[in-house]
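A.B. asks: If you read the protein sequences in the order shown, they are chains V and E. Take -13 as the starting number for the first sequence in the working numbering and just add one per residue. Take 1444 as the starting number for the second sequence in the working numbering and just add one per residue.
If you are wondering where the hints come from, they were derived from the structure by calculation, not from laboratory data. Each residue gets a CB set at the ideal place from its N, CA and C atoms; glycine is no exception. A few of these clues could be false.
Stated by the list, open to error - Computed beta-carbon distance windows for the label pairs:
| # | chain 1 | residue 1 | chain 2 | residue 2 | range |
| --- | --- | --- | --- | --- | --- |
| 1 | V | R147 | E | R1852 | 47 to 55 Å |
| 2 | E | A1925 | V | V11 | 32 to 40 Å |
| 3 | E | S1535 | V | D159 | 45 to 53 Å |
| 4 | V | V11 | E | V1745 | 39 to 47 Å |
| 5 | E | D1812 | V | R147 | 50 to 58 Å |
| 6 | E | S1647 | V | W223 | 31 to 39 Å |
| 7 | V | V11 | E | S1535 | 50 to 58 Å |
| 8 | V | P17 | E | D1802 | 32 to 40 Å |
| 9 | E | R1547 | V | R147 | 39 to 47 Å |
| 10 | E | R1852 | V | D45 | 34 to 42 Å |
| 11 | E | R1852 | V | F15 | 28 to 36 Å |
| 12 | E | A1716 | V | A121 | 53 to 61 Å |
| 13 | V | E167 | E | S1711 | 22 to 30 Å |
| 14 | E | R1869 | V | P47 | 17 to 25 Å |
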Amino acid sequence: MTRLVVTRALHAAAVCAVVATSVFVLLQFAPGDPFATSLDGADIPPGVRAEWRARYGFDRPPTERFVRWAGALARGELGYSASRHQTVAAVVSDAVPRTLLLVGVALVIGFAAGVGIAVLQARHHRRWPDRVLGALTLGGVAVPEFLLALLAMTWLGVRWRLFPVAGIGSLGDTAAWPLWEQVADLVWHLALPAIVLAIAVASRVARHQRAALLGVLDEDFIRTARAKGLGEWDVLWRHALPNAIGPVIALLGLALPSLVGGAVLIERIFGWPGMGLTLFDALLARDYPLVLAAVLLATVLAVLARTLTDVIAELVAPRRTREP
Amino acid sequence: MTRIFLGRLALVLCLAAACGGRDRGPTGGIVVVSAGADAETLFPPLVVTNQGRAVTELIYDKLADIGPGLNTIGDAGFVPKLASTWEWSRDSLTITFHMNPNARWHDGRPVTARDVQYAFKVWTDSAVGAVQRSALASVDSIATPDALTARVHFRERAPEQFFAFVYTLIPLPAHRLAAIADTALHDAAEVRAPVGNGPFRFVSWMPRVRLELAANAAYYAGRPRLDGVVYVVAAQGATVAARLLAGEADFLEQLAPPDFAQLPADHSVRAQAYGGFDYLFVQFNLRDPAATERAHPIFGDVALRRALTLGVNRTAIVRSIFDTLARPAIGPFSRTQWTADTTLRGIPFDSALAARALDSLGWHDTNGDGVRERGGRPLAFSLLVPASSRARQAAAVLLQAQLKTIGVRVTIEQADFNAFLDRAHRAAFDALVGGVRTSPSPRGVRDVWSTPGPAAGTQNFGRWSNTTFDAHVDSALAATSAGAVRAHVRTAYQAAIDDAPAIWLYEPRLFAGVHRRLTVGALRPDAWWANVASWSIDPAQRLPRDRRASPTP
C-alpha cells in the first residue's frame, strides 16, 4: 500500500509539472490580451493598456514570465489576478471549497443512486423495472448536462419554484442564522446543480454496475450462497455487490476529471462560483495566472482522486484483502 | 405684498416637491438586481464597466450629475449633487464648486474640497492607472481656498469641460485613503469595503455572487426610499433572466429578445423601455490586412462599399432577429444621443441596383459559380463575429444570405470576444460585425471613426479616413452652442453615411425587466441606476427577503 501511494505521488508531481508547462505554453499562442476586454472603451487611450500590461509583467518575454511564475510557485505564490484585483490565492481559496462541495455531493449522491439502481435492475433482470431504469440511465448518459440544467432550472426553479435558480445562499446576514438553518439554506441552493451533476454520475455508475453485477451473478460462489438458502436481496447486497463494485470505484476515479469539467458548465448556469466558473471567466479575460492556478488545481484534484480510488478499490476488494 | 408672499410660497412648495420627492411615498424593502456581471472593482478610478458604475455610483456621489436631457455642453441641465452650487470665471478657465455642507462620508466625516483635490491627484497619477484620466487632461489643478470650496483651473476652454470633469471625477475620502500609497490603492482593504458618500452604503461583497448595499439614513439629500439594494450575479444570460422570472430578483437591466416570450402571464414582470447608446455595424477594413500600406483589394473602393450596402436589407435583418426590439441604425450614432439626426439621407436597400452597380464596377460571375469575379479575383471576404453575441452571429448569417443573392461570397469567422478584439486592434480582418456603446457626448464618434492617430480614431479598426468627417467632428467638439454642434455633427454623419466605411446595421432598444412590486420611474439611458434612491416597493407586496436582508443601521 505504501509503495502504491509513493508511486502515485511521484506520478502526480510529474503530471502536474507537465500540465502546468503545457498550459503556460499554449496560453502564449492564444490570441488576445489580459486587458483587451476590460480596457476596451473607445475613450480609453491605447497607452493605458500598455501601462497595465507593464504593471503586471505581461510586456516581458514568455520565458522570463515562465521562470518568474515557476519561481513564485515554488515559494507557494500563485500570482496576482488582474481581472479580479486580488491575489490568485485569495480567489482560489474562495472557489475551491465550493467546487469540492458541489462535486463531492454530486459524486456521493450519484454513486449511491447509481449502485442502488443497478442492484434493482439486477434483481429484476429482464423485467419491466430493469427495462425502465435502463432507458432512464441511457437517457441520463445521452442527454447533455447543459440541457438537463436548463430543464431543471425552468421547471424546478422558475415554474414550480421549488429551488432557487442560482446562487449559493439566501440574502441577508445568514451567518447570524442558527446552524441548522444555514445548512438547510446551503442544501436548498445546492440542490439543482448537485442533482444535475449527480444524474450524469448515477447513470454511468448504474450502467457499469449493472453489467458488473450480472457478470458476478453467474459465479459459483453466488450459486453456493443461493444454495445455502439466502434471500435474493442478501445475495445481491452481501455477496454479489462487494465483488462487483471494484471496477466501478475505479471508474469514479476516471470520471472525476470529467465531473470537474462538467462543473464548469453547471457552475456557470447555476451561478455557483466555484473553480469551474473561475476558470471560465479567467479564460475569457486571459487572466493567465488565474488560468494556470485553476488548471493546476484541477490536475492535482484529478490525480488525487485517482490515487484515492485506487486505494479504496484495494481496500474493498474482498479477494485482495484476504491475501497474506 | 400678498402676491409676493404667495409667489414665494409657491416657489418653496415647488422646490420641496422637486427636491424632497423622495420623502413622499412608502419606504422600505430591498431591491434585488439580477446582473450578468460583477463589478470589477469598487474603486471608482479603476471602474470601466457599466456594472462597476452601477455599484460605485450608488456608493459615491459626483459633484454634479448630467440632467435628464443628457446635455453635455456647458452646465445646462446639470443637477447639483455634492456641490450645491458652482460658478464660472469670466474667462471660463476656472469653475468654483461650493460643497454641500450637509454631505457626509458614511463614517460621519464631512465631505470637503480636499476630497475633490485628493481624487484629482489619484485620478491623474499614472501609478494608479485610472482608465478615464484622459477626460481630465484639460484640468490643470484644483485649489481649496476653504474646506467647502474647490476651485478647478482648466488649461483650456472647451464646450464639454464641465461635463468631462463632473462626469468623470468622483470625490474620494482623503481621510481614509491618503495614507495608502497610490500603487497599493487598487487592492487595498479600504477599497474593497468602500466608505462613500452616496445614497447607499457598502455592506458586503462576495465576488461573482452578490453585493449588498444598505440605505444611507444620513444622506444629505434625504434617505432613499429603499432599505437596500442587492446585486446578485450570474454569468449565464438565461440564468440572469430566470432569476427575475422566478421572483428571486426585482430588476434586470436588459431583457434579451428570448426573455420576452417567457414573461409571466400574470404580468408580475413588466418590460420598461429606455433608450440605449449601442449601435452595431459591419465595419470594412479599408487597408489590406496582409500589407496595411496598400488599400484593401475589395473595400478600398467606395463605390463597391456603397453597392454592398445597397444589397443589404437591414430592416429584414432587424425584424428577423429582434422583431420590434431594435431599429435599423442610421449612421455612426445612437438615436438616444442629443446630437442624433433622423433626417439624414441613407443608402436604401435595392438589390437590383446593387447588382447593376457591381456590374458597372467590373465584377461579373463569369464561371457561373454564383460568385462575381474581377481580374481573376472572386468578390469574397471573411466576416469576423464575436462568438459571445448570438445577435451578431444571426446578423452575420442573414447578411451572408442576402449578399449571396447579388454574387458576393461571405465566409463567417467566429472568435471569442478577446480574440475578436485582438484581431480588430491588429486590423487582421476583412470585415467585422462591430458594436459601439457610445455616451451622451458626441466626442465618442471621434474615437471610433476619425482618422486613426494618437489623439483620435484610436478604435477606428477599419482605418477609414475622411477629411470632411474629421473637420466637422473637430468643429463640433469646439462649438459652444448646441445648434452649432448639431450642424457640424450632421455634416460629419452624412459624410460617414455617404462614404460607407460600414453598413449601419441596428440599434437595440433597451428594455429593463421590472417586477410589479417595484416602482422605478424613468430610467436614464446612460445610467439606469441614476435614480435608484427614489425607487420604491409597494408595502403590500413585501417579501420575506425584504425583512431578512441586512438591516439598515
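A.B. asks: Against this structure, judge whether each hint is valid.
C.D. replies: A quick look at each hint next to the structure:
1. Remark: the range hint 47 to 55 Å for R147(V) to R1852(E) is upheld by a beta-carbon distance near 50 Å.
2. A C-beta distance of roughly 56 Å is found between A1925(E) and V11(V), which places it outside the suggested range of 32 to 40 Å.
3. A C-beta distance of roughly 51 Å is found between S1535(E) and D159(V), which places it inside the suggested range of 45 to 53 Å.
4. Distance hint check for V11(V) and V1745(E): the Cβ-Cβ separation is about 45 Å, which falls inside the suggested range of 39 to 47 Å.
5. Checked against the given bound of 50 to 58 Å, the beta carbons of D1812(E) and R147(V), roughly 57 Å apart, stay inside it.
6. Between S1647(E) and W223(V), the C-beta spacing of about 49 Å breaks the proposed range 31 to 39 Å.
7. For the pair V11(V) and S1535(E), the supplied restraint of 50 to 58 Å holds, since their beta-carbon distance comes to about 57 Å.
8. Taken as a hint, the range 32 to 40 Å holds for the pair P17(V) and D1802(E), whose Cβ atoms sit roughly 39 Å apart.
9. The hint said 39 to 47 Å for the Cβ distance between R1547(E) and R147(V), and at roughly 42 Å that hint holds.
10. Between R1852(E) and D45(V) the beta carbon distance is about 40 Å. The supplied range of 34 to 42 Å therefore holds.
11. Against the hinted window of 28 to 36 Å, the Cβ-Cβ separation of R1852(E) and F15(V) comes to about 29 Å, which satisfies the hint.
12. For the pair A1716(E) and A121(V), the supplied restraint of 53 to 61 Å is violated, since their beta-carbon distance comes to about 48 Å.
13. Separation of E167(V) from S1711(E) is about 28 Å and conforms to the stated range, judged on CB atoms against 22 to 30 Å.
14. At about 20 Å, the CB distance of R1869(E) to P47(V) agrees with the hint of 17 to 25 Å.
Hint compliance for this structure: hints 2, 6 and 12 are broken, all remaining hints hold.
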